[in-house]
Each structure stands twice: as C-alpha cells, then as structure tokens.
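Novice: In case you want the letters, here they are:
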Amino acid sequence: MNRYWFELKEGVLFSLKAIRVNKIRAMLTTLGIIIGICSVSLMSTAIKGMDKAFQEGISALGSDNIYVSKWPWFDDHEWWRIRRRPNITVQDFDKFQSLAKKPIAMAPTIISMCKLQYNDSYIESALITGTTAEYVKTTNFEFASGCFMTGIETDGARNVAVIGHDVSENLFKFVNPINQEIEMNGVKFKIVGVLKKMGSNLLGGFNPDNQVYIPLGSAYRYFVHRFRSIDIVVRAANTAMVKETAEEAEEVMRRVRSLKYNEENNFAVNQQEGLTSRFDKVVMVIKIVGFFITGLSLLVGAIGIMNIMFVSVKERTKEIGIRKAIGAKRRTILTQFLSEAALICLMGGLIGLGLAVLASIALDKVLPTSIQVDTILIAIFISLITGVVSGFIPAYSAAKMDPVDALRYE
Amino acid sequence: MNIITIENITRLYEVGSEEVRALDGVSLSIDKNEYVAIMGPSGSGKSTLMNILGCLDTPSTGSYLFKNVQVSDMSDNELAEIRNREIGFVFQTFNLLPRANALHNVELPLIYAGIHAAKRKSMAVDALTRVGLADRMHHKPNELSGGQRQRVAIARALVTQPAIILADEPTGNLDSKTGEDIMTLFSEIHNQGNTIILVTHEEYIAEHAARIIRLRDGLIERDESNPHSRRPGSYKASPSK
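Protein chains in written order, with numbering that gives the first Met the number 0: chain A, 0 to 409; chain B, 0 to 240.
Hints should not be assumed to be uniformly reliable.
Listed next, the in silico DMTMM-like pairs over lysine to aspartate or glutamate satisfying Cα-Cα at most 20 Å (straight line) [said to hold, decoys possible]: (1) A/16 <-> B/142; (2) A/399 <-> B/56; (3) A/196 <-> A/243; (4) A/317 <-> B/75; (5) A/47 <-> A/279; (6) A/399 <-> B/80; (7) A/399 <-> B/75; (8) A/172 <-> A/123; (9) A/195 <-> A/141.
Honestly, the hints are just simulated from the structure, not real lab data.
Same shape as in the complex, but just chain B:
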C-alpha cells in the first residue's frame, strides 16, 4: 500500500523580486515499510521536499496524497493533526525542549493527541526503553550526550506509532561512531515494520537505505533501489567512492 504519493509537486519561494523554484515538478511514491534515503547537494531542494513530505509545508502546485488523503490544500490545524498522528520527526539538531526531561519530551506528542496521563507515561516509557534509555528518563537534554539526545528524539518520533518516520540528517551533529549506532537503531526500527525517510547528503549514511532518491536542482535525478543496503553493524569508516 502506498503511504505517500506525490505528483508533479512544485514549490516556489519569492526571494525579493526573484522567484526561486525549490522543487520543479517532483513525483514519487513510497510504500509501507520502505526505507528511503533522499540525497542531494545543498540547494537541491531536499529540505523543501522533506518539509512537504512532513506536512510542515504545502506545495505551490501538484498533489500530495497521504494514505490516499489529499493533504496539499489542508489548513494549518489539519496539517498539525496529520503531523501529530502520522509523522515522527528526527532532526539534525535533535530539537528537544531544553527545559523538559526526556520523559516529558517523549510524552509531548501524546499530550497533543489527548491521551490520558497514565497511558501516556507507559507509552513514553516503552518508547524510551526501545531506544535503550530506560535509565535516563528523568534527565534533561543538557544532561545527556548527543547520541542519547538523538535517541530521545527517536523515541519521541516513535511514541505515536506514526505511519512514517522522517529523519533529517539525523547523524549530522554526531561523531561517526555514535552516528553509526543511531543508524543501527534506524535499521532495527525499519525491521520492526516502520517506514523511514532519511534525508542526508552523506553517501555512507544513505547506503543504509534500500532505496535512494537523488535530487538536483529541484528535480529527481535518479530513483533507484540500493541492493547493497548495508545491514546493521557492517559500517566502514570510509565512505564508498
């Protein structure tokens, strides 16, 4: 079943008097339980595409079907609802609330979903346990290492059992060893049946995915499966090529 189907999407920005085409007609579809990497140099439009896929932004033209529902012309609040229920974000800079502890950070999307305190807590504890942070639940982000912070962010993305997990350069602020641990965690999550979309400009990170979409100048340059998708633990220090 297709979770995401986008057709001929464009996104225009006005910078001063000039019009910039960040996306210039992109079409793709993503199935359930796919592990897709979106690659491209900076300025290729991959952040814009991610924002649109994540329902943070809406396309200028084109159609976006999310689980067969048209989302390209939804209101702010409807998009917020979709983000809350269906999308789990993992950011390069973690984006945790600094004043809330790990548990509260993970509970936050459940609060917005209107889930009762007791159930919320047990769900958040489960998610933190899944990412191996059961003993760090009451720590604030600044008391955690970078890798641990990213695990909290992943727990927060997982806790609502979303349809897709969108990770934007999830290893960008981590050293390569920690980065590899995080990628291993993503592979595990994928193996548990989740759909993952990974945005990166690092080839060796993208190679974890089973399918790699390469963007250039707002267009899809190549969209191919990656038969060599590396299994967890087969990390090599030097990127291929």
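The shape of chain A in the complex, shown without the other chains:
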C-alpha cells in the first residue's frame, strides 16, 4: 500500500517539476481546458440562476394558481378561430365566483402600465394590476409595512395602492411610503401597503417587485378601457388539487358562458404547469447547446493535452529508461505521466473556475447567479477526468517502453 502512495507522490511531485520547467507550454496546452471548464461552470451557474429566478417568480405568485383568461398563454390555436372570443367581464367573474366551489380564493385582475411619481422621483412606466381584496389570498405576498387593500377599499374603488419592493425603493428613498400619496398618470393614490422583495427581475410581468396593485374599479376608471378583458386568478387548495380545480373552473366557465356541449371553449384555463414546461423546454435547449459547445472545447482541450503528453513522453524517453532500470514498474511510469496530464488539466480547470467566478460576479447584476459548491466539484472532477483520459494513451506508451531501447535513446 505504501508503495502505491510513494509512487503516486513521487509522480505528482515530479510532474509539478516537469510542468514548472515548461510553464508556457503547459499554459498553452491547458487553454482548451480553461475555456471548457470556464464555460461549463458558467453555463450551469446561469441555468441555475434562471431556474431560481423562475421558481421565485412563480412562488411569489403562488404555484397552485389557475388563470381563466380570454387567450391561452401558449397559443397553439389558429388565431382566426379564437380572435372573436368574448371578453371576460366583471359580471362573468361574479357568476364564476358564485358557482365555483373548489377554489380557496378567486380574484379578477386587469393589467395596465402607467407613470408613477412621488415628488421628484418617478418611474416612467410601471405595471399596475387592478384587483380585489381577495387577490392577496391567491399570492404568497409578505408585507414590509402596511397590508393589502381591504374589501371596503376595493369595492368602493378608492384611490389606494399597494406597491412592490422595487417601486418603493425607487420612489421613497428616505420616507416611509405608508400613507404617502403617489401620482399615477396624474391621479393621486394613497399607499396602504409595501411588499417585501419577492422575486427576481427575470420574468418581468410575473414579478410583484415592480408592480402596483390598486382596486379593480379604480383601474377601470383611470387606466383601462371598459371593454378590456379581465383575467380570473383561481387558487387551488393545494398542489394536489390544482388539476381538479382547473377542471371545475373550465366547467363553471362553460356554464357562465352558457356553452352547449358541442361548442368549443371560448376562454382559456391557463396553469403554471404550462409555463413551467415551456420554461423547461427552453432550458433544455440552452443546456443541450451549451453542453455541446462545452464538450467540444473540452474535446479540443483533451486533444491538446494528449498531444503534449506524447511530446513529453518522447522527450523523457531516457528518463523512463533510467526509472525502469532502477525498478520502476509499468504501473509506476503510468502513474507518473497520468498524474502529469491530470495536474495540467486540474490547473486549467482551476484557472477556468476562477474566471467563471469572476464572470459570475459580473453576471450577478443581470441574473441572481452564484457558483455552487457542486458546480466547483463537478468542474474539478471533469478536468481531472479529462486529464486522465487524454493522458492515458501517451502514458501507456511510456509504461510499456522497453528499458533497453529507452536507455539507448538520445
């Protein structure tokens, strides 16, 4: 056992010497590995970041939600068949609400954009959602201060607003926003609640952080044309109930619309499942493309390593002869050259990782990225394996050299 250990140690130490002698050569050789490892770790970090942003966005809204809308989110229909669909109106919602039994909460929503202003601070165009008091029960909102609009406020279409974290940060730097009045397209609204930071900024519209919530009636009065269609948000009791609740929502909506059995739905029941599967598809494509590119650069790197190891073996033929003469076995020589290849790759891998860490710090401003420990371990593992695989043939050719020939080599 000792012997293996000593041989490995000797192999590694001597490899370090050999690499130190040929610093530039080793650097150039390992460039492919540097690029490969850098891109593989950035890739997995970016994908994780996107995933995280997506999950945060989803969970801020509640992942057990169903959305009854005029249009499907993912349009698999021919547009001309669905373009004449009727709007979903507030009256539709009222009927829906009285018929649907499974949801634990339901709310109508309507979306618009407007300019927000508070003294000198303003946001040129913020997303506003008009809704009812019950909307908050369909979300996982947490409040930094204040609370959501009350039923009295929403039913009376008062000029009150709940603002997201980013909106609050931008408009109110030094003042407590509660009870302050902001101007929305010139109309004054009183702030009654401020949300905690919920999601990331990846999914734009799905993120509550940069939104303003106001009563549905106020939205209709000031910002939205009365013929605009609303969306109905339906919250299932739990994840297991989502499917049932969605089925019931479809049935109820057909009754609301008085559709005959042979008529097609003239509305859509959207689920986040659809969103998730779309997202997963996109991620899958990114993954495949990314790992293909990464794999290619690692392959190029591996060929470079193999090439340089052949050179190294040739250069050191005499050394191999000497080592064999004084008792090195095949295994010993194999270990030595394998550890050299693995070390070169490991160094490349570490440099690549270092670059990836720097890049991810820069990238953090766009995506919530951070290199995870498992990414680091995988990168190190991949670089070691690349070294061992690409070094094997040269090392094996060194190991089976005839000592007499090797000693005679000049």
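Could you slot chain B onto chain A? The hints should help.
Specialist: Just chain B, lined up with the frame of chain A:
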C-alpha cells in the same frame, strides 16, 4: 554461493529480414563477492549480455538463474522488482535524472521499493557519504563534475544493497585521473563484500577485476582469473600490452 548462473544463452535480434545472433550460446556463473570484468570489442555482444544479466532484457533461449530463481521467462514487472532489489546499475553516461538533486536521485530506487521517507533519506545520505559526496547532496547533476555524477550514480546503485553491481563502461566519459578514482571506489566497494560486474573494452580498466571474461562474436572466447588484479592506487597511465 552462485548469484548468477546462465546456461547456453542466446539472444537473437531481427534487423530487417536478417536475424542477428548477438549472443550465441553463452554459459557462465558468478559467485558472491566476485569482481568480474566482461571484455570484448564492439559488436561482441557484451552490451547484450549485460542487459540480460541486469534483467533489462530476457534471453531468446537458455536459462538464467538469479539466486537460484529462474528469471529468463519473468514478466516485465517481475523483472523490474528484481532490478529494484537485487541489481545496482552504473552507466557510462551516468543516467541521473537531471531535474532531481543528488539526494533525490539516490532515493529513487528506495521510493520504488516502498521505503518510508525518513528511513529512505537516512539510507540515501549514508550511501552518498560512502562515495564521499556528503557535502553535495542538494546539488543537481548539472552542478556536479563528471566524477561526482558517477559517484552519485554509484551511491544510487549501492543504496538498495543489491546482490550485484553492474557497471557499464563506468569510466568511459571520464578523464583518466577521475576514472582511476572511480575504479578505486569500485575496488573499495568490492572489498566491502559486494559483487561487481564490469563491462568495458579497456584492458587497463578490466585489470582491476579478479576475473576477466572475453567475448567475441557472441561467444565466450576466454574466461580466466586475473592474478595480477591491481590493488587500488597502483594505476599506471599506459595500458599493459
């Protein structure tokens, strides 16, 4: 006790389509604590014989008993084991690892033998001290003179306390004064009870040995004891004859 017994050894090489008989039936035996010189002109097969005696190569036919163990059909790794434990090589071109210092060069066979670092170091220091290089241990080969390099090589050969020391033209790359110093060192090592096989084509180098085997065309031409084997220090500049 015989350390080496070879019987009717041949070694054939294929050069293109031709077959070359480097050794054509050689038999000999070497006792413990012998000092043998193998002589012969180039092409006589002495390098081939040395490679076979040193377990670097195996004979085409014939038997080779090393300490009564048949080695002629051993595998590569088994031969490596024998070389590591039983044979110390000294080469004409020293064959030290250029990037390792003297101490590391001497330690190398001990690493392969699986000896612990502390013990390894003390053994290597002892061996270097024996060859008079205690103060040069941390020098790299290119910081040493030819004679010193050969002493490092001898220390490396001695450090495992091998059964035989095989020296192939050990003075070939040295000036005659340094060469004589090295031969003196060999005589001392022999006097300490070691078995030495010396391969040379120089008569005056061979004369240090107590027994001279002369090869010609792959055969032993003569195998005789050398009653005039010179004691250390009796070196004369001109070769006899």
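Novice: Run every hint past the structure and note whether it holds.
Specialist: Evaluated hints:
1. Of the supplied pair hints, the one linking residue 16 of chain A and residue 142 of chain B holds, its CA atoms being roughly 17 Å apart against a limit of 20 Å.
2. About 13 Å separates the Cα atoms of residue 399 of chain A and residue 56 of chain B, which keeps this hinted pair within 20 Å; it holds.
3. A C-alpha spacing of about 32 Å is found between residue 196 of chain A and residue 243 of chain A, which places the hinted pair above 20 Å, so the restraint is violated.
4. A C-alpha spacing of about 18 Å is found between residue 317 of chain A and residue 75 of chain B, which places the hinted pair at or below 20 Å, so the restraint holds.
5. With a C-alpha separation of about 12 Å, the suggested pair residue 47 of chain A and residue 279 of chain A falls inside the 20 Å cut-off, and the hint holds.
6. For the hint pairing residue 399 of chain A with residue 80 of chain B, the CA-to-CA distance comes to about 15 Å; that is within 20 Å, so the pair holds.
7. For the hint linking residue 399 of chain A to residue 75 of chain B, the alpha-carbon distance of about 9 Å falls within 20 Å, and the restraint holds.
8. Our distance criterion of 20 Å between C-alpha atoms is met by residue 172 of chain A and residue 123 of chain A, whose separation comes to about 17 Å.
9. A distance of roughly 6 Å separates the Cα atoms of residue 195 of chain A and residue 141 of chain A; the hinted pair therefore holds under the 20 Å criterion.
Of the numbered hints given earlier, the model fails hint 3 alone.
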